[in-house]
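Student: Here is what each chain is made of, one letter per residue.
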Amino acid sequence: MSSTGIALRQVSFEQRSFWRNPASAFFAFLFPIIFLVVFATLFKGQKVQIGSVQTSYDDYYIPALVAFGVMGACFTNIAITLSLRRDNGILKRLRGTPLPPWAFIAGVVGSSIIVSIVLALLTTVFGILVYGVHVPQHVDAAAVTIGVGALAFCALGMAMTIVIPNAEAAPAIVNGVFLPIVFISGTFFPVASTSVLAQIAEWFPVRHFINAMFTAFDPAHQSSSGFNGTDLLIMAAWGAGAVVLSVLRFRWEPRKG
Amino acid sequence: MTAIVVDGLCKSYGAVEAVRGVSFHVEEGEVFGLLGPNGAGKTTTIEILEGYRTRDGGDVTVLGVDPHTGGRKLRERVGLVLQEAAVPPMLSVTELVELYRGYYPSPRPAAEIIELVGLTEKAGERVRKLSGGQQRRLDVALGLVGDPELIFLDEPTTGFDPSARRAAWEVVRNMRTLGKTIVLTTHYMDEAQYLADRICVIAAGQVVAQGTPETLRAGTDQVTHIRFELRDGLAVATLPLKARIDGGVAIIETATPTRTLNELTTWALAQGLELPNLEVARPSLEDVYLELTKNE
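Residue numbers (the numbering used here), protein chains in the order written: chain C, 14 to 270; chain F, 5 to 300.
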């Protein structure tokens, strides 16, 4: 079978495993939708200041939440799922078959990207129809941003498994790292770029993802292309670092003892 | 043709020498039992053969190649049934077997494999709904699906009920009939006795005995055990022969059982005693094994 064929079959396996698992389907998928409804209802009609632009809360929140959904489907989902599979021996068994490691990884990443795209579409359409947000100005830039973000956060999810000792600890460690950064990065409410929190958040990829998404959605017609090169580059750099770490240190077997 | 050659294998973890110069070979088409207590180096040895670990010293070939560098080509010819490995829970038995079939160049038909491990009735069931024993049999199925020449079975029947074990044994026998080479580890001596053509016992990182189950039993200087219970006024001090006591049972070890038994029963009859639960037995493989590994 061709390499593409092997990878596609792995994607299809991952997709079936994902949607059939109520826990993963709920946390990765329903979670962002619930956040969407809760926060959009809470701050309905409010104006927020993003740099020099004043915009409605929803016009800021929807692209931020698209990024949040992608991060959940990629980073959180991969870090927790792979830790679990490593712990219970599924990865070890797989390593003993002729399936090339890249094909397995391609399946995991491909499946996460599919979930990300579905989630991004759903969030955006929901935002447009229910909360009257502006239709994204730069669909091409939005697609590229989602692509770069998804790949970077998939790599970060894999790299995260390196520091996770066992499956029980996985959700606590992953969310313990992820959620604080998500909050200070302004996912649910904008954090002024001059504030200390934002200065800290600048070091991590989450804020850059949200910025890049907001630039692509561009509700106030500020950008000519919708591409936010700096933010995309910083995210990509994080992703590249995570790839290097994963190649060097990713474990297929449970930690002994 | 020899399927596996292990010569002077060594492996340390830090200061701990897990495997200290292990040598054995496995012939094509035989069932080879690798026995030993937990921590004896058995799992380390197996995992080096499976390609999971590197070795510190010695020569190892599996199907003619070094398992550490054999890569995908070797993994296509080898089936693994690991000791502790879950099965992806959300797929059905057939879906999972089909997925794994896709990993191999010339797999066996899915239905045939599922039938071989007795899961035909559960073929459409999600894996997470299977019992522990059924999941283990699915494990075995996934190890066989690529039609491997060589199969590693690491404690394949642990946790099975007696009838499931018998069924699993028949699966192993069938594989042997198909000409597969099988490396089996187990803690059940009856299993080793029933399935293995040859056995290698490892203790403290070294081979302590090797041979067919029969030669291993014969190897313990031909001692026969005569046992009976010490009760009804029977005291060890009054016995005419040297005996050791184990849990209220007197055990007399003898190389000449006919003569010893005659002495014992002549004495008992003269005393007007019946020896409760009198037994004469050659040591089982388990006795031999316990003797070989008692310093662990």
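These are calculated hints, taken from the structure and not from any lab test.
Glycine residues also receive a C-beta, built at the ideal position from the N, C-alpha and C atoms.
A portion of the hints provided could be inaccurate.
[Stated by the list, open to error] Covered by chain F, according to a simulated footprint, are these stretches of chain C (three or more residues, beta-carbon under 8 Å): (1) 16 to 30; (2) 130 to 143.
[Unchecked claim] Here are the computed distance ranges between Cβ atoms for each label pair: (3) E102(F) / S206(C): 46 to 54 Å; (4) R33(C) / E283(F): 50 to 58 Å; (5) L192(C) / G136(F): 35 to 43 Å; (6) N42(F) / V51(C): 48 to 56 Å; (7) D165(F) / A253(C): 30 to 38 Å; (8) D165(F) / N179(C): 24 to 32 Å.
Student: Look at each hint and say if it fits the structure.
Tutor: Hints versus structure:
1. By the rule of at least three residues with a Cβ nearer than 8 Å to a Cβ of chain F, the coverage given for the segment 16 to 30 of chain C holds, with 5 such residues.
2. With 0 residues having a Cβ less than 8 Å from any Cβ of chain F, the segment 130 to 143 of chain C misses the three-residue criterion, and the hint is violated.
3. Roughly 52 Å separates the CB atoms of E102(F) and S206(C), a value that falls within the hinted 46 to 54 Å.
4. At about 56 Å, the beta-carbon gap between R33(C) and E283(F) stays in the expected band of 50 to 58 Å.
5. For L192(C) and G136(F), the Cβ-Cβ distance of about 36 Å falls inside the hinted range of 35 to 43 Å, so the restraint holds.
6. With their beta carbons about 52 Å apart, N42(F) and V51(C) fall inside the hinted range of 48 to 56 Å.
7. The supplied range of 30 to 38 Å is broken by D165(F) and A253(C), whose beta-carbon atoms lie about 52 Å from each other.
8. Evaluation of the 24 to 32 Å hint for D165(F) and N179(C) yields a pass: the beta carbon distance comes to about 30 Å.
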